[in-house]
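Can you build the whole structure from these sequences, using the hints too?
Protein chains in written order, with the working numbering: chain A, 1 to 150; chain B, 1 to 150; chain C, 1 to 150; chain D, 1 to 150.
Among the clues, some could well be false.
Where chains are identical, the list cannot tell them apart; a pair therefore holds if satisfied intra-copy or between any two copies.
[What the hints assert, rightly or not] Here are the simulated DSS-like pairs of lysine-lysine, each with C-alpha atoms no more than 25 angstroms apart in a straight line:
(1) LYS97 - LYS41
(2) LYS90 - LYS41
(3) LYS90 - LYS121
(4) LYS86 - LYS41
(5) LYS121 - LYS21
(6) LYS21 - LYS86
(7) LYS21 - LYS41
(8) LYS97 - LYS121
These are computed hints drawn from the structure, not numbers from a lab.
There are 4 protein chains.
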Amino acid sequence: MKSLLLIVFSLFSFSVLGQTKPYLSLADAERVYESAAAKAKAEGWNVVIAILDDGGHPILLKKMDGVQIGSVEVALAKAKSAVFFKRPTKVFEDAMKAEGGSRIATLPNAVGVEGGLPIFKDGVIIGSIGVSGVTSAQDGIIALAGVEGF
Amino acid sequence: MKSLLLIVFSLFSFSVLGQTKPYLSLADAERVYESAAAKAKAEGWNVVIAILDDGGHPILLKKMDGVQIGSVEVALAKAKSAVFFKRPTKVFEDAMKAEGGSRIATLPNAVGVEGGLPIFKDGVIIGSIGVSGVTSAQDGIIALAGVEGF
Amino acid sequence: MKSLLLIVFSLFSFSVLGQTKPYLSLADAERVYESAAAKAKAEGWNVVIAILDDGGHPILLKKMDGVQIGSVEVALAKAKSAVFFKRPTKVFEDAMKAEGGSRIATLPNAVGVEGGLPIFKDGVIIGSIGVSGVTSAQDGIIALAGVEGF
Amino acid sequence: MKSLLLIVFSLFSFSVLGQTKPYLSLADAERVYESAAAKAKAEGWNVVIAILDDGGHPILLKKMDGVQIGSVEVALAKAKSAVFFKRPTKVFEDAMKAEGGSRIATLPNAVGVEGGLPIFKDGVIIGSIGVSGVTSAQDGIIALAGVEGF
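This is the structure in structure tokens:
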């Protein structure tokens, strides 16, 4: 019986599963947002939170009252960097600090300030979250709370 | 006497002197969104809904599952046109259709497709809503439902 | 036995298949390109051919010898319009011709010249092809040959 | 007599009048790509490879499956830097590391990350290759394999 199921599975994996990739739905994005926003509110931090799909296109964005307007584009840029390069913006931040320079800043869409995190599912990138409004370390804490809520 | 004047001044500074403008809070934007999204869901229309502040900066954006990615920038552009020009994008659409030309298309940030509406409070512009994803007439119906929910 | 398989399938569809979407691989894009290029060569038409993924990011681009350099960005723009709006650029061309105006030109990323086609799989958008270099009608013929080769 | 003059003119047009520059054809670019891609596949490295003409315009671009989407623009930027400045991006990388600063980053189109190489023929620049997707040193190895295949 077990081998029968395996055979069925094998057939499915070719004929039904086909060539597909997981994706982030609006419901997923809302769950990520709620988790991030809950952390932000608990700490009393007002921020912009942006959640992008795997192509770098916005699925959800909210700007809390009183946050600097510049944070809208910063949150989007951090999220874009995270999904474009499949890594936290903190990785670029650390590399740029270590070098003491701006070599990485010459790469299109790379952001070297903490607060952007990629979102993976089954090892495949499906989107990202970007946060801006408080210190970059605090932005990073909120972004992490978002990913953990996924 | 001096203290009496101070008290009078204090009252004025809040009620009369107070030079303020009304603004759209995130809570307001969420109410506008919920009202617009309720109409969209009731009709079975999947769309992107964007809500901007009085400076044209996004407060809230959500993209429902399956909507064409082009609608993200279109919803933002419609909303931007509405708040930048304090009028519905339908006004530009009608004018462009009447002229049969592209004169208005040369105005920076003007969009000539229905689906963007300004949001006023006490006669003052405080933001806008932009919708994209179905026909422009349907986008307009959703946008109107949003403004009515405010 | 049939019902057992159906149950197995149902379980798979929730637990294994999960929330996924089809995508365009480089091998797919090469097949689309070869089919389009074969048509172009048979007609003696030199063009740029661009193939994008579902997020509008290039997977494959080739510029044949002697084609005007402007066609590189035009092919990319046509393909971007097709995948961003899930429709051929010919649809915008026809609408703009019918109106005799440029209302649609105010929509970000919309291109109103034939030669861009979306690519669907199982009803889901997975990418697009854009062609530029000869007349827009000829560009469209090449693009169609590409999609048919998929 | 007239035919004699024509012959003389014909000779001039090739030997004396002929003011030409060598250029990179699509067939050349495909050879460069194949050589670079063969090295990448041999190492198991998935990358984006972009090949530009002497004006910095793309002739060929391919993105292998699963490569971060940010690598599309990075590969193009590296190749652009290489052809715009007639030198490997590694030269800027070394200079920026040596200075520990961002002076060179203020030069338009300069990229300070290895992986972009100019392509010369008879001492004349005819194009470039840019690679992105693995480490910058590995990107450089692939780019070199491409140039060597020319």
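Taking the hints in turn, this is what the structure says about them:
In this assembly of identical chains, LYS97 and LYS41 lie within 25 angstroms of each other by CA distance neither inside one copy nor across copies; the values are 30 angstroms within and 33 angstroms between. In this assembly of identical chains, LYS90 and LYS41 lie within 25 angstroms of each other by CA distance solely inside one copy; the values are 23 angstroms within and 30 angstroms between copies. Proximity of LYS90 and LYS121 under a CA criterion of 25 angstroms is satisfied intra-copy only: 20 angstroms inside one chain copy versus 35 angstroms between copies. Taking identical chains as interchangeable, the C-alpha atoms of LYS86 and LYS41 lie at most 25 angstroms apart only when they sit on different chains, with a minimum of 21 angstroms there against 28 angstroms within one chain.
Within a single copy, LYS121 and LYS21 get their C-alpha atoms as close as 9 angstroms, and across copies as close as 13 angstroms, so both meet the 25 angstroms cut-off. For the homomeric pair LYS21 and LYS86, the shortest alpha-carbon distances inside one copy (15 angstroms) and between copies (19 angstroms) are both at most 25 angstroms. In the homo-oligomer, the alpha carbons of LYS21 and LYS41 lie at most 25 angstroms apart only across protomers (23 angstroms), although the nearest pairing inside one protomer, at 34 angstroms, exceeds that limit. Taking identical chains as interchangeable, the C-alpha atoms of LYS97 and LYS121 are never at most 25 angstroms apart, the minima being 30 angstroms within one chain and 36 angstroms between chains.
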